[in-house]
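Q: So you can see what is in the structure, the chains are spelled out below.
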Amino acid sequence: MEDLCAKFVSQKLSKVRWRPAPATALQPPELFATGSWDNEENKISIWSVGAVESVCPNGEYQGEPQLLCDIRHYGDVMDMQFLDQERIVAASSTGSITIFRHHQNNQTLSVSQKWERAHCHVDSDTSACGGASCTGVICKNPEIVTVGEDGRINLFRADHKQAVRTIDNADSSTLHAVTLLRTTEILTVNSIGQLKIWDFRQQRNEPSQIFSLTGDRVPLHCVDRHPNQQHIVATGGQDGMLSIWDVRQGSMPVSLLNAHDAEMWEVHFHPSNPDHLFTCSEDGSLWHWDTSVEVSEKTSFLHQGGRSTFLSHSAVNQPNVNQSVVSAWLSNDPTKDRMEITNVIPNPTLSVNSVDVLGPCLVCGTDAEAIYVKRQLFA
Amino acid sequence: GPGEMLVCEAAFPGAGGLTCPPVLFSNVRDQDIHLHTLRKLFNESHGIFVGLQRSDEELSGKSKKAQEDVIQMSLVLLGSMGVINTLVTVSVFPQVSILSAMELIWNLCEILFVEVAPAGHLLLHLLDWVRLHVCDVDNMVREVLSSENPSKHELFWNVVDIFVLQGRMEDARHLLSKEATANPTSKGMCKILDDLMKKMPVLGLGNTQTLTEMELKWQHWHEECQRYLQDGTFASNPHMESICKILLGDENAILEKKELMTTWYHFLVTHLLYSHPAVKPVELRFYAQSSLDQFLGGENSPEPLDTILMAAFEFEIHQVIKECSIALSNWWFVAHLTDLLDHCKLLQSHNLYFGSNMREFLLLEYASGLFSHHSLWQLGVDYFDHCSEYGRVYLELHIERIPLTTEQKALKVLRICEQRQMHEQVRSICKIMAMKALRNNRLGSALSWSIRAKDAAFATLISDRFLKDYCERGSFSDLDLIDNLGPSMLLSDRLTFLGKYREFHRLYGEKRFSEAAKLLLMLMTAHIAPCSFWMTLLTDALPLLEQKEVIFSAEQTYELMRCLEDLTAGKLDNQKLQDDDIETTKVEMLRLAFARNLARAIVKEGTLEGS
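Sequences listed follow chains A and B, in order. Quick note on this note's numbering: the first sequence kicks off at 167 and runs consecutively. Quick note on this note's numbering: the second sequence kicks off at 52 and runs consecutively.
Worth flagging that the hints you see were computed from the coordinates, not collected in a lab. The model shown is predicted, which means the values in this text are computed figures rather than measured ones. Glycine is no exception: its CB is placed at the ideal position from the N, C-alpha and C atoms. Hints should not be assumed to be uniformly reliable.
[What the hints assert, rightly or not] One-sided excerpt, in silico: chain B residues whose CB lies under 7 Å from chain A:
| # | residue |
| --- | --- |
| 1 | E95 |
| 2 | N190 |
| 3 | T457 |
| 4 | G537 |
[Said to hold, decoys possible] DSBU-like cross-link-like pairs, simulated, lysine-lysine; straight-line CA separation at most 30 Å:
| # | chain 1 | residue 1 | chain 2 | residue 2 |
| --- | --- | --- | --- | --- |
| 5 | B | K91 | A | K173 |
| 6 | A | K280 | B | K487 |
| 7 | B | K562 | B | K637 |
| 8 | B | K91 | B | K203 |
| 9 | A | K306 | A | K280 |
| 10 | A | K540 | B | K91 |
| 11 | B | K460 | A | K209 |
| 12 | B | K238 | B | K249 |
| 13 | B | K599 | B | K569 |
| 14 | B | K460 | A | K173 |
| 15 | B | K562 | B | K599 |
| 16 | B | K460 | A | K306 |
| 17 | A | K327 | A | K306 |
| 18 | B | K569 | B | K551 |
| 19 | B | K482 | B | K519 |
| 20 | A | K327 | A | K209 |
| 21 | B | K268 | B | K203 |
| 22 | B | K203 | B | K250 |
| 23 | B | K249 | B | K203 |
| 24 | B | K569 | A | K280 |
| 25 | B | K487 | B | K460 |
| 26 | A | K209 | B | K487 |
| 27 | B | K309 | B | K296 |
| 28 | B | K482 | B | K460 |
| 29 | B | K396 | B | K460 |
| 30 | B | K519 | B | K562 |
| 31 | B | K551 | B | K599 |
| 32 | B | K460 | A | K540 |
| 33 | B | K242 | B | K308 |
| 34 | B | K551 | A | K209 |
All chains should be built: construct the whole structure from the sequences, respecting the hints.
A: What follows is the structure in structure tokens.
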């Protein structure tokens, strides 16, 4: 774990995100943003982990994240994403969505746009509008989709004051997370264990499909789509269970994996190496799932801190696929698939709230007010 | 909050009955930095604390791990100090900040209690300790060394003195050589002094000689210095003469350099270095007391920091902890120190009169302080976990008072309670969140919370709400929820009814009438439906009865009739009089429909097939 660097930052981190690399860039990411929660004054901060060799005046060793700038954020940062190289969208527990702009020349942050009350509750007794937390945000420049505790889905466009589309009461429970499926489709997960696919081309405010787990309706907290194969989706639940779904068929998950001991807060496919998956949880662990391991390589079992497991498959029949690229996540043959699972955090104590991966780098934030950065994921 | 725990003392002296010693002030202006650093300190020490308790549970190499943690904790403190020190130099107050004081005390406890250095090594550790904590000489040193002609600098001899006082012979000799080159007349004296310094016996650092050997050598060296002094070798240079006197351990000569040493413990260590280098731990107390008295010279009274250090030199661990508790208004220090000493098996546990031991008492106080902070409460949980007597009770009381501002926070608190089987707290938190959701018309959320708490009563409440909505509006809201209840339907009877009732509507919509009919009847006969709803159900049966084909069999019709009779018979006579016309008409219609259906059914069943 020599390449794992920890830094205590005096704020509990709810979200960490790498700044996306420009399409042609080959170098590893250098900048990431963090959002805090549970503070009287929460902040969005930008940090740099450049490959700078200089030792800082107070003796911190190289490679440690350096704070570049920060800005006050009203309410807990519930979700955050980079809209483009300079703008960050942040979802707040007050129900508002803010776009921050990072000025590279003088290293400052400023508020570029704000939608107040994007999410709110209407009290049935008093019909006053109370704040409802916005829980998830996803964006594809210039569109931003947000979901919240009020069960509402909003579609915004950057630089447009009003929401382009709002689906009120899309869900009777809390929507925890959202991801883009196809160009006009999104997928949401909620606190009664359902996945819903919404198509913005349709005018009616109904989901086009609903999936759920058989058995207990365990709330789902996070969702992520496979970067190349748009029908594969991974979700994480309150009981720490990782499920892989194929949205083309069946209303049941393809695989169910017993992952964590407590809520899984985030799940991410690696954007360029999708055989690798990352999950982080309330139980303090961060698992790196690697399906690219071949069975013949027995030596991989000696990897410290790792364990291997079989994918457990449901009895759903897979149609004969003629694809040359069969995703390891959906693959049918249990004897052929082995998975390497490694815990990235040594000595876990408090929850790992957020993780992000880009290129060879991983960053995560914890409730123990620490950031961990790992620079060599695939060494 | 914890930041206030330190700063409050500065702002409101005498608050809470604690006298405010000037030495332990922290600059009020540094409050923000302090909070930032304090949070780092609390989080890092939390990690170390948890690691120590866990390794203790694993029962392997206990005291060694504890020692490692002491060192680690010191490093953490040192890290925090790095920020504070840069401030102390620019601040108006020259006093030692609280963090400096804590580090000072901590390191001394480390040397005396944990490492238990024996005679000989003890002094070396104490020297390191002194060198580390009297930092303002560095500026002076830098100034002199960077000047063009160091030996002509006005502070030159001060620097040489301080090097000698701290036993930094190499550095002192280096400077002396500069003086020798610059001032040829004193070259001879410099050479002799340099020689003496070089020859000074120092124990440890890989020496294989025993203590007795070293003491012997030291005696010889001491006598040699004595000879040079008495011969008047340094008589022409008062600076060098005073240095020679210092080397001989002359108390007055050392005391003259009071301003350079600044503290009595520096004086103590210097004095020991040059008079009793092989001092034993048990002898420390006498020298410490006399050093303190001499240094203060009867003008000032000892300050709280001095009392604490004195207690440490006297090896009175409990006294140290007690004094620290009084002087430092923050519990962090004593709680962690006591815990570590306890793990090193140094504290005999004597029970305090209210039942728990000192370690637990301090940890409880510290953790309670953490809970008063809006964000650091999560750390407090682990501390309570490791207080065996009262930890759980404290946790139960504190955790209920955490404001649940978002669902995510509530989930975290819930997880803490569930992991510790605190069922009552789980129920109450889920109920609070469910009520909130209900008030905001988020029925799905409300149901999700009651499922988590396995709260059947609340599930019933929610189902009643749905049913009420249905009765008022004639259609179900939130179909996505009711249609997909799954096994959670079984949580409460009312919920099951709701699910099944919706299923009935679906079957009807899909025109699967006989199945719908069967379901409807089952809802009543199996008593799944609440009595208040039977009327609605029976009314729902009407369209089925009016269909062209016969849906309800004779048997089923008898059942329906019986249900109706049960329903009407249950009403009291005066209630029947109060019933408005609509009610009586309904009953009439039903009876008519049942009778008609019965007739058709009997006919149908009596008819032979195919004829």
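Q: Does B:K91 lie within 30 Å of A:K540 when you go C-alpha to C-alpha?
A: holds (21 Å)
Q: Regarding the pair B:K460 and A:K306, is the alpha-carbon distance no greater than 30 Å?
A: holds (28 Å)
Q: Does B:K249 lie within 30 Å of B:K238 when you go C-alpha to C-alpha?
A: holds (16 Å)
Q: Holds or violated: B:K569 with A:K280, Cα cutoff 30 Å?
A: violated (56 Å)
Q: Can the restraint linking B:K91 and B:K203 be considered satisfied, given a maximum Cα separation of 30 Å?
A: violated (45 Å)
Q: Between A:K327 and A:K306, is the straight-line Cα distance small enough, at 30 Å or below?
A: With a Cα-Cα distance of about 17 Å, the restraint between A:K327 and A:K306 holds, given a limit of 30 Å.
Q: B:K482 and B:K460 were given as a pair; does the straight-line alpha-carbon distance stay at or below 30 Å?
A: Since the Cα atoms of B:K482 and B:K460 sit roughly 15 Å apart, the hinted pair holds (cutoff 30 Å).
Q: Can you confirm whether the C-alpha distance between B:K460 and A:K209 stays at or below 30 Å?
A: Status holds; Cα separation ~17 Å.
Q: Holds or violated: are the alpha carbons of A:K209 and B:K487 at most 30 Å from each other?
A: With Cα atoms ~28 Å apart, A:K209 and B:K487 stay inside 30 Å; holds.
Q: Keeping to a limit of 30 Å between CA atoms, is the pair of B:K487 and B:K460 held or broken?
A: holds (14 Å)
Q: Taking the closest Cβ pair, is B:T457 under 7 Å from chain A?
A: Status holds, d = 5 Å.
Q: Between B:K519 and B:K562, is the straight-line Cα distance small enough, at 30 Å or below?
A: holds (25 Å)
Violated hints, listed in ascending order, are 2, 8, 21, 24, 29, 34; each of the other numbered hints is respected by the structure.
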